[in-house]
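> Here's the letter readout for the chains.
4 protein chains.
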Amino acid sequence: MLQKLKNYLEEFDRFAKKNEMQIDEVAEGYAKTSMVVKDFHLNGANVVHGGAIFTLADFAFAIASNSHGRIALSINSSISFISSAKEGEKLIAIAKEVDLSHKLGTYNVEVKNESGKIIASFLGTVYRKSDEIKL
Amino acid sequence: MLQKLKNYLEEFDRFAKKNEMQIDEVAEGYAKTSMVVKDFHLNGANVVHGGAIFTLADFAFAIASNSHGRIALSINSSISFISSAKEGEKLIAIAKEVDLSHKLGTYNVEVKNESGKIIASFLGTVYRKSDEIKL
Amino acid sequence: MLQKLKNYLEEFDRFAKKNEMQIDEVAEGYAKTSMVVKDFHLNGANVVHGGAIFTLADFAFAIASNSHGRIALSINSSISFISSAKEGEKLIAIAKEVDLSHKLGTYNVEVKNESGKIIASFLGTVYRKSDEIKL
Amino acid sequence: MLQKLKNYLEEFDRFAKKNEMQIDEVAEGYAKTSMVVKDFHLNGANVVHGGAIFTLADFAFAIASNSHGRIALSINSSISFISSAKEGEKLIAIAKEVDLSHKLGTYNVEVKNESGKIIASFLGTVYRKSDEIKL
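Chains as they are written, first to last, in this note's numbering: chain A, 6 to 140; chain B, 6 to 140; chain C, 6 to 140; chain D, 6 to 140.
Just so you know, the hints here were simulated from the structure itself, not pulled from any lab data.
Certain hints may be false.
For chains that are exact copies, the list does not tell them apart, and a pair is met inside one copy or across any two.
Listed below are the simulated EDC-like cross-link pairs for lysine to aspartate or glutamate, each with C-alpha atoms no more than 20 angstroms apart in a straight line [to be verified]:
id: 1; residue 1: K43; residue 2: E33
id: 2; residue 1: K122; residue 2: D104
id: 3; residue 1: K134; residue 2: E119
id: 4; residue 1: K122; residue 2: E92
id: 5; residue 1: K108; residue 2: D44
id: 6; residue 1: K95; residue 2: E137
id: 7; residue 1: K9; residue 2: E115
id: 8; residue 1: K91; residue 2: D104
id: 9; residue 1: K91; residue 2: E16
id: 10; residue 1: K37; residue 2: E102
id: 11; residue 1: K117; residue 2: E137
id: 12; residue 1: K117; residue 2: D104
id: 13; residue 1: K101; residue 2: D136
id: 14; residue 1: K117; residue 2: E25
id: 15; residue 1: K117; residue 2: D136
id: 16; residue 1: K117; residue 2: E94
id: 17; residue 1: K22; residue 2: E102
id: 18; residue 1: K23; residue 2: D44
id: 19; residue 1: K108; residue 2: D29
id: 20; residue 1: K108; residue 2: D136
id: 21; residue 1: K122; residue 2: E137
id: 22; residue 1: K134; residue 2: E16
id: 23; residue 1: K43; residue 2: D136
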């Protein structure tokens, strides 16, 4: 199931794909995504766009929260932008489950660069539908 | 200055550009951005990716908070995802200033579709540097 | 029902009561609460404690989200602290419904002082149980 | 300095004092606070009020962020409410520094009960003034 979810999202998460974000690891309640900062990820100040950082974190969050086989929809996320990142840097997002109940799940995602400098911290909540994911 | 800022960001906010988001209006402490949902904005569930919605809101927030001529950096944002949106829908983000002090600014952004249905609500804070924006 | 909810919470929301917060108005999807800042609301810096401001906002949020007669539980809130407030000031929190769906509700709360200066902006989400409120 | 800060806040953080919250540990960038849930901490649903949980977390956050000797003001916090807690339970909040820069600090706070069940997760940002704390 986890490998199938990974394969499915690599193909059908088109926004992640277009923006060259990849899935590195998936486990129950856990996911790791990454991207190498390209010119097209930058904003007008020549650093990575907050939207690109959020998307990378949200992507890891979505995978981790859907890893249990039931559809999980993001309700709310809060992100703190801590350091900026430049072209050429590799950014890695790791999503970990803080809590899982029948209807809700809470996840923390940290985005770091390759030297371990923290770029952003993200806290998100999903609503878990009763429907199973069909792949 | 506002027209120059708009022109500059239309050219140099490369992440917004790649993802086909546009600036519709800019005023002091205010901005409106929009996008038409394309296939590449979708996630694995066939609805707009949270990262795309966040980016559209963050883009409006960045313009509104930089509209006073001093560099404003996003510190923190919280986003509630309220309704999903599909391919073909037009999404509009309107950023309004809640408060502006010497060092900080707070903005509310609402993302709606063309019929006025709310898609997401966003609350963000910037740190205002002393440096002026040079365009 | 709304009057009953107000009476019930005035008596049984013991944390609000102990901290001298009151309910001024209740309507469907709407509530207004207030407090006059006393010495016991202050923190070590001699201004109102963030926890007191949050509690006032959260109280309005809880009333507004439970006003439809079904039990609503707070999942997540984000608060931006904009101005500080001092002893003697009256603080007013107004909660408005941003969106209501079958299972979720989203509310914006603004906390202002009597002269209309904004103190804090709050965005919160509830999970709506199927159980009706019995008073 | 840390012991002095602890003594000072135990006396002068009047909102924490009134609501019987105590400081258990203080270190650079770190703090631990706790409370035993009393009847006056409850809301109308007979569980701990979200405002009490927030206040306990915010108190740990304030201590951790002021532990470096410069005045730190809370700008924004996001809290996810994960499990409810009842009268008689002891709640413990631990604040850890995620990042510290010249002007800003980011902190994660986890609130648990004594058996380690997570009650809430909190992410907060402070603005660091240049003024030193004088005790």
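> Evaluate each hint against the coordinates.
Structure-based check of all given hints:
1. K43 to E33: neither (30 angstroms within a copy, 31 angstroms between copies)
2. K122 to D104: between (26 angstroms within a copy, 9 angstroms between copies)
3. K134 to E119: Neither: 35 angstroms inside a copy, 28 angstroms across copies.
4. K122 to E92: within (15 angstroms within a copy, 37 angstroms between copies)
5. K108 to D44: Neither way: K108 and D44 sit 40 angstroms apart in one copy and 28 angstroms across, limit 20 angstroms.
6. K95 to E137: Answer is neither: 34 angstroms inside a copy and 30 angstroms across each miss the 20 angstroms cutoff.
7. K9 to E115: neither (25 angstroms within a copy, 33 angstroms between copies)
8. K91 to D104: This pair counts as between: shortest inter-copy Cα distance 19 angstroms, intra-copy 33 angstroms.
9. K91 to E16: So K91 and E16 pass the 20 angstroms test across copies only (18 angstroms; inside, 27 angstroms).
10. K37 to E102: Intra 12 angstroms, inter 22 angstroms, cutoff 20 angstroms: intra-copy only.
11. K117 to E137: neither (32 angstroms within a copy, 29 angstroms between copies)
12. K117 to D104: Classified as between; 12 angstroms across copies, 22 angstroms inside a copy.
13. K101 to D136: neither (22 angstroms within a copy, 31 angstroms between copies)
14. K117 to E25: Answer is within: at 17 angstroms inside a copy they meet the 20 angstroms cutoff, but 27 angstroms across does not.
15. K117 to D136: Intra 33 angstroms, inter 27 angstroms, cutoff 20 angstroms: neither.
16. K117 to E94: within (10 angstroms within a copy, 34 angstroms between copies)
17. K22 to E102: Result: close neither inside a copy nor across copies, 24 angstroms intra and 33 angstroms inter.
18. K23 to D44: both (14 angstroms within a copy, 10 angstroms between copies)
19. K108 to D29: Close neither inside one copy (27 angstroms) nor across copies (33 angstroms); limit 20 angstroms.
20. K108 to D136: The answer is both: 12 angstroms in one copy and 15 angstroms across copies each meet 20 angstroms.
21. K122 to E137: neither (37 angstroms within a copy, 27 angstroms between copies)
22. K134 to E16: neither (23 angstroms within a copy, 36 angstroms between copies)
23. K43 to D136: neither (37 angstroms within a copy, 26 angstroms between copies)
Against the hints set out earlier in the document, violations occur for numbers 1, 3, 5, 6, 7, 11, 13, 15, 17, 19, 21, 22, 23.
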